[in-house]
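J.: Listed here are the chains, written in short residue letters.
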Amino acid sequence: MDKKIYLDYAATTPARQGVIDEMLPYFGEYYGNPSSIYEFAQHNKEAIDKSRDIIAEAIKAKAQEVFFVSGGTEADNWAIRGIAENYKSKGNHIITTKTEHHAVIHTCDFLKKNGYEVTYLEVDADGLVNIDDLKAAIKETTILVTIMYANNEIGTIQPIKEIGKICKENGVIFHTDAVQAFTHIPIDVNEMNIDLMSMSSHKIYGPKGIGALYVRKGIRLRALIHGGAQERNRRGGTENVPAIVGFGKAVEIALPELTEESKRLEKLRDYFIELVHEKVPYVKLNGHKTKRLPNNVNISFEFIEGESLLIMLDMKGVCASSGSACTSGSLDPSHVLLAIGLPHEIAHGSLRVTIGISTTKEELEYVADSLVTIVARLREMSPVYEDYINKEIESIIETKYNLEGVI
Amino acid sequence: MDKKIYLDYAATTPARQGVIDEMLPYFGEYYGNPSSIYEFAQHNKEAIDKSRDIIAEAIKAKAQEVFFVSGGTEADNWAIRGIAENYKSKGNHIITTKTEHHAVIHTCDFLKKNGYEVTYLEVDADGLVNIDDLKAAIKETTILVTIMYANNEIGTIQPIKEIGKICKENGVIFHTDAVQAFTHIPIDVNEMNIDLMSMSSHKIYGPKGIGALYVRKGIRLRALIHGGAQERNRRGGTENVPAIVGFGKAVEIALPELTEESKRLEKLRDYFIELVHEKVPYVKLNGHKTKRLPNNVNISFEFIEGESLLIMLDMKGVCASSGSACTSGSLDPSHVLLAIGLPHEIAHGSLRVTIGISTTKEELEYVADSLVTIVARLREMSPVYEDYINKEIESIIETKYNLEGVI
Amino acid sequence: MYTKKVMDHFTNPRNMGDMDNADGVGTVGNAKCGDIMRIYLKVENGIIEDCKFKTFGCGAAVATSSMATELVLGKTIEEALHVTNKAVMEALDGLPKAKVHCSLLAEEAIQAALWDYAQKHDITIEGLEPPKETDHHEEEEEDF
Amino acid sequence: MYTKKVMDHFTNPRNMGDMDNADGVGTVGNAKCGDIMRIYLKVENGIIEDCKFKTFGCGAAVATSSMATELVLGKTIEEALHVTNKAVMEALDGLPKAKVHCSLLAEEAIQAALWDYAQKHDITIEGLEPPKETDHHEEEEEDF
Ligand SMILES: Cc1ncc(COP(=O)(O)O)c(C=O)c1O
Ligand SMILES: Cc1ncc(COP(=O)(O)O)c(C=O)c1O
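Residue numbers (this note's numbering), protein chains in the order written: chain D, 29 to 435; chain V, 29 to 435; chain Y, 2 to 145; chain C, 2 to 145.
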């Protein structure tokens, strides 16, 4: 494959050259263990502190409130399990939503199997949580609300500030998985009353294998990974110095560019959405139209199946995703698409395109054109489309969603 | 500081150039998420599989029995907690030793606080577990024995094969923390009846932030980090591809060199031990003389305190450690040194020198010479030494250990 | 992920399309599991003279249906009945574990089309069962 | 980890050594906590004319004892009593949190030496308590 158009930035991003350059000396040159006493290793301790400062500042937190972990998944697990176990005496009820990342859902499922009560809030057709539902769900025994900042599949941004306010008013701890939101939209943990927040480096042009959990001062969070005295006794394990340095650098580069870059991405995003709707019939945008991550497009193509679509795109050099990368390999359609009420038929035929720093208008035009051919080809092969043409069935998109398609 | 003599290889190692070269393309070039369907990411999936194969082969396991985690600490936590939680119905008793790494001890402590019974076996003056003690400790409710392969502070190698045999005979699961042993001494998980084994990359010239847990087929191990379907559903989180590739490469380089390099290190180790005993009075080797990691030297210097010694060595360009790096910053003397029966007085004055690929005879001679000066200087400053000279107290090393010192 | 053969049959599916006046048509699978296969047969003197398919589904679903049509074309009904999912998989040089169910679906699609042919022509084909709704999703490897 | 001042006093400790015929000697700390400090005083006309120390302990322990001797040298007993651990820390441009106990030990060592002086010379120093075994180890920051 000669051409490569990467449109899966929500799955992972390349580390920026500036990030790689910053990390590089820490592999072979400044390799010391930051817990060591000698000067040589103290340099690494300072490097870690610098990254911690950068990340804390980016979310308006204090440095002591930022803890490094191995990624977004560990951050989610730690936050939820740590609070659940430590506040057990106060209650056993956790509130989350049906559209969380598996790192959150499966941790909640695990707790549910182990004596906790979990409420999985419904979302509306755009993927938004209903604030009144949240209010109604909170009870005496509620110890934690965990609702993601922005969805990784459909891009919908939740009303985090309102959620934070309600949690605060009710004395309930609030965790948010901000893996997809961090450095894409401005976050202020105080203004939004966030008590714990998960971040991941490889989604923001930093290295893989590193992330952070923000823990508001005063929150008692039991360790998930016990061991040495690293991370102020809260997370054992020799610090992943190069990755921490790279993560810090990625944030340092991304933050000043945030406003401008997100504007650029939003424009590209909306252009592409429009283009596909113009060129391909029987399509439906999933997720909220405006309360949406600047880099996320998620579209269902009726009568066809997503994996075939992805493979054909791949053969044209286009890297995209269907559902989330984490669930590919699984045969069930994405839990997020089902949660927003998509029938299985069209949930299966959805495509996630997530754009990023290298994405151009020309790339998206190429992809839109490719989609025209590919979708037509797959519909030609589809017995469901045949049934539709023979008027044996109706178009779900036409009837249920009133989205007109032109053949 | 111009000169740098790094003698803290047990704390962490530099990544080899060959390892760095191997990892490098995976940061900015082959950055795809291995769970993605497109060709571009499939390459990374294969890269992970290759590393898994290398590591499995190195310990005579099957590839499906090797799971990547964020480091040795996570591997220890996962193994112990996972077994404890999954085999609860069978029993609640865990056996470990008093000289385990904090990743093991603190996880056991945590379980103890949560309804498990933990036996912390004593060790002898060399740090060895007594096999009869182990036999005696196993009872109906015992579900797990976790005993480290080789100690990170004093280098003592446990009789793993015998331990494994006893565990097998008694139907008890056996976990070993092999973080310090892996690629330093040959390991065969089948011959040694090991059911779970922790490994860490940054101790063997691989990158930080990656490790592996061997889990024998058939052992049900509950996930510690829930999330996506990575690592065959057992460990969520986007794979740390560059680190996994680097870890594999580190093993690939180290393994063929094992025999020769460990011989070289053993010679250097014994030469240095001899040199120090010749040149400095009132010193005592900690750990077993022969059942000992090839790269480990741990010596107590009577009448002086370890941190001062380390700082003075640091000023001469020598990076070494006192106790384990993870516990420095703590004020208590190492739990390992206390467990082998060292009195506080001399436990405080211990030095760990761990050698590695770059270590030369000349370096060690320089360090021995430095020790002569430094130890003399610190003794001159020491009120305890003054008391000894004034015959107000006796030398512990002389009286308790019968090790003669010459002034 | 897929073998070259699978990719070949996915990108250049054989016998893809519909058929006027088919002697038998079988549709199996459902939207819930994400795969629907339809097989058209033309049978003359007990021999499958023509065979077409349409498939809604993943790469493996398309490839297995394409391969299945190839395998039954020119065969007797008897022989076609013995085109198992294993035969389809082998002919494709294997399938990922998670995709084995596609080959089962292909086998069933052929049988469903044969069943339809038998019904329409009022004949009995020995050993042929009426098609039933099945779900071929494998259990997750182990449950922790 | 340590300030320049601490490193300076560690590498070039002031007034290190013992003293013949000291007027007062105080030894505090114990091997268990890893720090032992001994202070020797020579007192003339209520003024500390000479002061020496010996210390078994970490870098901070050495530096704080060195600094403490500097701070009391030439002072009256009264003034020396007011050389607190804070004063020692400030003079060293601060200490890591985990090492604050060393400065407390230094304060106590001075007071123990003064107590010894008072005992030996049968005088009472107002506000001076007899030395007691204490353990200055901080609690871990938070317990999770
Ligand atoms: C014996 C032993 N176990 C576990 C660990 C923890 O490994 P890591 O630093 O990779 O978490 C170490 C090193 O710190 C060790 O020496
Ligand atoms: C919303 C969300 N949460 C959590 C994660 C997990 O992050 P990581 O891959 O760093 O473990 C991801 C990405 O996979 C995500 O998109």
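These are calculated hints, taken from the structure and not from any lab test.
Think of the CB as a built atom: it goes at the ideal place given N, C-alpha and C, for glycine as much as any other residue.
Check each hint, because a few of them may be wrong.
Here are the simulated EDC-like pairs of lysine to aspartate or glutamate, each with C-alpha atoms no more than 16 angstroms apart in a straight line [as the list claims (entries may be wrong)]:
(1) Y/33 - D/67
(2) D/140 - V/67
(3) V/31 - D/360
(4) D/344 - V/113
Derived list of chain D stretches under chain Y, where covered just means 3 residues or more per stretch with a C-beta under 8 angstroms from a C-beta of chain Y [stated by the list, open to error]:
(5) 197 to 210
(6) 410 to 418
Every beta carbon over 10 angstroms from chain D, so not counted as near; a handful from chain Y, in silico [to be verified]:
(7) 12
(8) 19
(9) 33
(10) 36
(11) 46
(12) 63
(13) 76
(14) 77
(15) 79
(16) 85
(17) 87
(18) 95
(19) 121
(20) 126
(21) 127
J.: Would you check whether the claim that residue 12 of chain Y is not at the interface survives, using Cβ distances to chain D and the 10 angstroms cut-off?
T.: Residue 12 of chain Y is in fact no farther than 10 angstroms from some Cβ atom of chain D, at 7 angstroms.
J.: Test the statement that residue 85 of chain Y is away from the interface with chain D: the closest C-beta pair must be farther apart than 10 angstroms.
T.: holds (21 angstroms)
J.: Please verify that the nearest CB of chain D lies beyond 10 angstroms from residue 127 of chain Y's CB.
T.: Residue 127 of chain Y is indeed farther than 10 angstroms from all Cβ atoms of chain D, at 28 angstroms.
J.: Quick one, are residue 344 of chain D and residue 113 of chain V close enough, alpha carbons at most 16 angstroms?
T.: violated (48 angstroms)
J.: Since residue 46 of chain Y was said not to touch the interface, does its Cβ keep a gap of more than 10 angstroms from each Cβ of chain D?
T.: At roughly 28 angstroms from the nearest Cβ of chain D, residue 46 of chain Y sits farther out than 10 angstroms, so the non-interface label holds.
J.: Since residue 77 of chain Y was said not to touch the interface, does its Cβ keep a gap of more than 10 angstroms from each Cβ of chain D?
T.: Given that every Cβ of chain D is farther than 10 angstroms from that of residue 77 of chain Y, nearest at about 26 angstroms, it holds.
J.: Is the nearest CB of chain D more than 10 angstroms from the CB of residue 33 of chain Y?
T.: The assertion about residue 33 of chain Y is violated, with a minimum of 5 angstroms to chain D.
J.: If I take the minimum Cβ distance from residue 76 of chain Y to any residue of chain D, is it greater than 10 angstroms?
T.: About 23 angstroms separates residue 76 of chain Y from the closest Cβ of chain D, which puts it past 10 angstroms; holds.
J.: Does the segment 197 to 210 of chain D contain three or more residues whose Cβ lies closer than 8 angstroms to a Cβ of chain Y?
T.: violated (count 0)
J.: Verify that the Cβ of residue 87 of chain Y lies farther than 10 angstroms from every Cβ atom of chain D, and report whether the claim holds or is violated.
T.: holds (20 angstroms)
J.: Could you grab the alpha-carbon distance between residue 31 of chain V and residue 360 of chain D and see if it respects the 16 angstroms cut-off?
T.: Since the Cα atoms of residue 31 of chain V and residue 360 of chain D sit roughly 60 angstroms apart, the hinted pair is violated (cutoff 16 angstroms).
J.: Was residue 95 of chain Y rightly flagged as not at the interface, with every chain D Cβ beyond 10 angstroms?
T.: holds (17 angstroms)
Checked against the numbered hints listed earlier, the structure breaks hints 1, 2, 3, 4, 5, 7, 8, 9, 10, 12; every other hint is satisfied.
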